[in-house]
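Visitor: For this one, chain A is given, so just place chains B, C, D, E and F on it according to the hints.
Each chain, written out:
There are 6 protein chains.
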Amino acid sequence: MINITHKSPTLRKAIAQAIVKVSKPETILAVKNHGVPKGDVLEMAKTAGLFAAKRTADMIPDCHPLPIEFTAVSYELGEMEIKILVEIHTIYKTGVEVEAMHAASVVALTMYDMLKPLDKGISIEQIKLIEKRGGKSDQKTDFS
Amino acid sequence: MINITHKSPTLRKAIAQAIVKVSKPETILAVKNHGVPKGDVLEMAKTAGLFAAKRTADMIPDCHPLPIEFTAVSYELGEMEIKILVEIHTIYKTGVEVEAMHAASVVALTMYDMLKPLDKGISIEQIKLIEKRGGKSDQKTDFS
Amino acid sequence: MINITHKSPTLRKAIAQAIVKVSKPETILAVKNHGVPKGDVLEMAKTAGLFAAKRTADMIPDCHPLPIEFTAVSYELGEMEIKILVEIHTIYKTGVEVEAMHAASVVALTMYDMLKPLDKGISIEQIKLIEKRGGKSDQKTDFS
Amino acid sequence: MINITHKSPTLRKAIAQAIVKVSKPETILAVKNHGVPKGDVLEMAKTAGLFAAKRTADMIPDCHPLPIEFTAVSYELGEMEIKILVEIHTIYKTGVEVEAMHAASVVALTMYDMLKPLDKGISIEQIKLIEKRGGKSDQKTDFS
Amino acid sequence: MINITHKSPTLRKAIAQAIVKVSKPETILAVKNHGVPKGDVLEMAKTAGLFAAKRTADMIPDCHPLPIEFTAVSYELGEMEIKILVEIHTIYKTGVEVEAMHAASVVALTMYDMLKPLDKGISIEQIKLIEKRGGKSDQKTDFS
Amino acid sequence: MINITHKSPTLRKAIAQAIVKVSKPETILAVKNHGVPKGDVLEMAKTAGLFAAKRTADMIPDCHPLPIEFTAVSYELGEMEIKILVEIHTIYKTGVEVEAMHAASVVALTMYDMLKPLDKGISIEQIKLIEKRGGKSDQKTDFS
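Chains as they are written, first to last, in my numbering: chain A, 208 to 351; chain B, 208 to 351; chain C, 208 to 351; chain D, 208 to 351; chain E, 208 to 351; chain F, 208 to 351.
So here's chain A without its partners, still in its complex pose (with noise of 0.2 Å):
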């Protein structure tokens, strides 16, 4: 594990997706319509998804546990697709953007759970960093 005992805690922030693809679009329509038997899917996946940041650190070896100050989960949804999105915050030494992809993909697999006696045939696709600001290389700088 890094050593960050030098470094000075500043505000970070990043933005993380994870994808969801489902084979039909009736798998879509039954999260939007509240059909799906196990529950809400968006709000329970949320759920997960807020339990999962606070955790990461527990998950993989060299991530070092931080105050997670803030986490949004937001989605957009496609006909064939779900898009997740988690926001987290921090001030401290070491950024969030491996903290924000863990929630993306934990909220992507509860879905993939509570969706999968309806549909067979689903993927998860394309975790990956969106935005990161606050270390020594932002990857985009508007992040107002």
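Please note that the accuracy of each hint is not assured.
Remember, identical chains collapse to one label, so a pair may be satisfied in a single copy or spanning two.
Under the rule of at most 27 Å between Cα atoms (straight-line distance), these lysine-lysine pairs were calculated in the DSS-like manner [claimed, not checked]: (1) Lys214 with Lys228; (2) Lys300 with Lys239; (3) Lys214 with Lys231; (4) Lys300 with Lys335; (5) Lys239 with Lys214; (6) Lys214 with Lys323; (7) Lys323 with Lys231; (8) Lys327 with Lys300; (9) Lys300 with Lys245; (10) Lys290 with Lys214; (11) Lys300 with Lys290; (12) Lys239 with Lys327; (13) Lys327 with Lys214; (14) Lys214 with Lys245; (15) Lys327 with Lys245; (16) Lys245 with Lys290; (17) Lys323 with Lys300; (18) Lys290 with Lys335.
Keep in mind the hints are simulated off the structure, nothing from the lab.
Guide: Structure of chains B, C, D, E and F alone, referenced to chain A:
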């Protein structure tokens, strides 16, 4: 959470994959040549995956806790990607596909975390079930 | 921790309750109308309860780890209170009453946490076992 | 999860209570006289409460992880009830009232679990905040 | 993780020890006389050990999750040391020796943590398996 | 749990050791030559130790949660033993000696678990603090 009290335990197997896409061949070479400063990527990621398989019910709301009785993590290294394969077996009343996908995603996230100092263009792709055996809806029959 | 190696697994069920008492009717209305800024109270609290049921042995020293095979969270909304009911089933050597009470308490605490910006006078009352079936000391016999 | 990046850390204190109601005086006597087969109820429940205080953010979705810097568990034993008091301090940007209530509830549940072989009529009552100091809305001012 | 799907569950027992060595007799006297400021050392350490037994698979990569069906923690107090004995039983396909050793080590570490304000010269010695019964390689046969 | 709200954060360092004693030289050779069926012992045990360092407050009742800002695991292989050294740094109000000892013990237990199919005579010895720096009672002063 679905009621499984009436189901009979049978041998269940699942294989899931995740793909770590890098942006330059040097990243894969660093993995192969043990040249990553944070440590041995393949061994550390495998270890994180063993833990993740066992903690799936802790991360995904509707997953039943179940006895993970075998987990194997293997890799296929290409020029620009690493394919992660996780195989899990249980003898229980419900399958282990989400467990295998969860473990594969944590293996991939551990790689991302270890490799991001070397490569800013990594994404995780195609987390999906490859094979499943033992429930009512086998996807493939040859799981020898 | 009591020795249960000699006991036989049987179907065990428990229902526990917790009551969230608010100080004004507007609090309950905000829950019903999805007007709570932190999110959908009933769905998020239910999700937290599903996790809590599975983590009871992690929180209570003498609780045996056991296979939670069914969990349901339901609500009865009154004018000034929300009654939470958690039902859990297992097939194991010991009962799930503490699991049900633990899950009910975490559902209630999640509501408290989400509602405290709106209502400073909330308390949690009457966490107790409502029904239990399957061990030597059934409290009620009609658990259909 | 609410954004607290802009807030300043200050000393925050909270005291919460939970009440364990028993159905006969012999139950309280067994606690006092170390006559409970599962062990020393007051010490074991206190230990469970210390852990629970630290794991609140793991159980409640919107709770921020924060540095618990002091936890004390104390008891008032009546003839037919045990009042549990949990006091927690932190220096952080948000308060510890949910942490104190969560710890008090786990102390109470541990007692329930240890005492249920002796008393089938136990319930947990009045989990609530008693005092809070350090945020914008102190409930009491005398927290010396 | 070794494949145990083909194995049959049998009664498995293990006893492990750990020894806490202190640097002066007053340390042991403080334990006996309840004179340690942090609390009752023997009860709190036992409680930590009960939790640790159940969380072994969470800490050790290749340990299978298994149903802990009995745990007992006992002590032998000498003039300059405390011997900790942890006995665990399960009915499962693999043994509980690592679980017993893990619990014994956490009991010892809890003592270390509670006693270090009183004694700067404490070490933990001889964490080892004392007895094992139920698998193919019993170390002792008299486990009555 | 001791009140540390009034203390100032300073750089704290601790090094702890644990010794894994084997019963035959072949066991050490198998570790060196990557001949252990369960996997790469040194890498897997190190990974388990990184997680354990971060989870100390989850296992030891009175340990404060704190920001682990550096962890290093190193080994000295003898003919009949492996010495494990864990160094941890934080900037906080309390030290990390229990964290270092806890991590060292989990590294040792992981080795025990991986090596027990090869060697039935392994024990863990001398878990103790080697160096500590940054609090009021430095044990050694040269921690450069």
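Visitor: Taking the hints in turn, state whether each one holds.
Guide: Okay, the hints, checked on the actual structure:
1. Lys214 with Lys228: neither (40 Å within a copy, 30 Å between copies)
2. Lys300 with Lys239: Result: close neither inside a copy nor across copies, 40 Å intra and 30 Å inter.
3. Lys214 with Lys231: neither (49 Å within a copy, 29 Å between copies)
4. Lys300 with Lys335: Within. Shortest intra-copy distance 22 Å satisfies the 27 Å Cα cut-off; inter-copy 30 Å does not.
5. Lys239 with Lys214: Classified as neither: same-chain Cα gap 45 Å, cross-chain 31 Å, threshold 27 Å.
6. Lys214 with Lys323: This pair counts as between: shortest inter-copy Cα distance 18 Å, intra-copy 44 Å.
7. Lys323 with Lys231: Within one copy only: 12 Å inside, 35 Å across.
8. Lys327 with Lys300: Between copies, since 19 Å is at most 27 Å while 42 Å is not.
9. Lys300 with Lys245: This pair counts as between: shortest inter-copy Cα distance 18 Å, intra-copy 40 Å.
10. Lys290 with Lys214: Classified as neither: same-chain Cα gap 34 Å, cross-chain 31 Å, threshold 27 Å.
11. Lys300 with Lys290: neither (29 Å within a copy, 32 Å between copies)
12. Lys239 with Lys327: within (19 Å within a copy, 34 Å between copies)
13. Lys327 with Lys214: between (47 Å within a copy, 21 Å between copies)
14. Lys214 with Lys245: For Lys214 and Lys245, the Cα distance is within 27 Å only across copies (18 Å; inside one copy 45 Å).
15. Lys327 with Lys245: within (16 Å within a copy, 33 Å between copies)
16. Lys245 with Lys290: Both: 20 Å inside a copy, 21 Å across copies.
17. Lys323 with Lys300: between (40 Å within a copy, 16 Å between copies)
18. Lys290 with Lys335: Cα proximity of Lys290 and Lys335: in one copy and across copies (12 Å, 16 Å).
In this structure, the earlier hints numbered 1, 2, 3, 5, 10 and 11 are contradicted, and the remaining ones agree with it.
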